[in-house]
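Under my numbering, the residue at position 36 of the sequence shown is numbered 37, and the numbers go up by one with no gaps.
No wet-lab data here; the hints were simulated from the structure.
None of these values were measured; they are calculated from a predicted model.
There's no promise every hint is true.
To be verified - No more than 25 angstroms apart at the CA atoms, straight line, and that leaves these computed lysine-lysine pairs for PhoX-like:
id: 1; residue 1: K174; residue 2: K109
id: 2; residue 1: K85; residue 2: K11
id: 3; residue 1: K134; residue 2: K169
id: 4; residue 1: K85; residue 2: K104
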Amino acid sequence: NKTAQRLGIKTVGVYSDADKYSRHSKLVNESYLIGPPAPQSSYLVSSHILEVAVNTGAEAVHPGYGFLSENAGFVKDLENDNIKFIGPGVHAITSMGSKSESKNIMTKANVPCVPGYHGDNQDPHFLLNEAKKMGFPVMLKAVLGGGGKGMRIVRQESEFYQMLDEAKREGMKGFADDKMLIEKYIENPRHIEF
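Using the sequences provided together with the hints, build the complete structure.
Now the structure itself:
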């Protein structure tokens with residue numbers, strides 16, 4: 002927002018009831034309420050944000066982090082209204098925003114991946130059987146998740162359904178999607194960024 006102001010670009014912000022007095026709602030030229038505090042009733046409702054963008058004549062939307070920043074449907078809706086999305090394109094979001102799709106791409110490119118299930122069948126009994134095939138412990142992950150949200154370590158079969166329910170609820174709350182993938186849990190992994 003500071004850069005936009007320095008460049009003379011007017012900014013519009015959105016906020017939920019919980020963020021009415023937050024810094025981000027005060028730093029913009031115009032600020033609009035988009036719903037109650039729960040993200041699934043405000044920040045995750047793309048039609049609310051799109052309505053504000055259209056009604057204010059916005060030329061572009063910067064999504065910030067999380068919420069709709071990796072939602073290909075939101076980007077398509079913006080494009081349909083000739084509003085630019087400041088971020089990756091639909092193809093990149095679709096390819097990399099979904100952990101399942103990312104794993105499909107990596108597998109086709111012969112990149113070694115942690116063993117697991119990342120298919121479409123989301124039946125809890127089917128998922129449990131997939132976890133049993135891998136052997137416990139396993140990691141449940143929200144397909145559209147990020148930042149550690151929608152993830153649960155399941156160390157034994159008896160806790161699988163409870164952890165699945167928790168991870169699905171968190172995925173729905175944080176990403177408006179409760180699809181899960183399962184990976185073999187690796188104890189004491191080393192993470193390498195490049």
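To see whether the hints hold, each was checked on the structure:
no.	hint	in the structure
1	K174 <-> K109	violated (31 angstroms)
2	K85 <-> K11	holds (15 angstroms)
3	K134 <-> K169	holds (21 angstroms)
4	K85 <-> K104	violated (28 angstroms)
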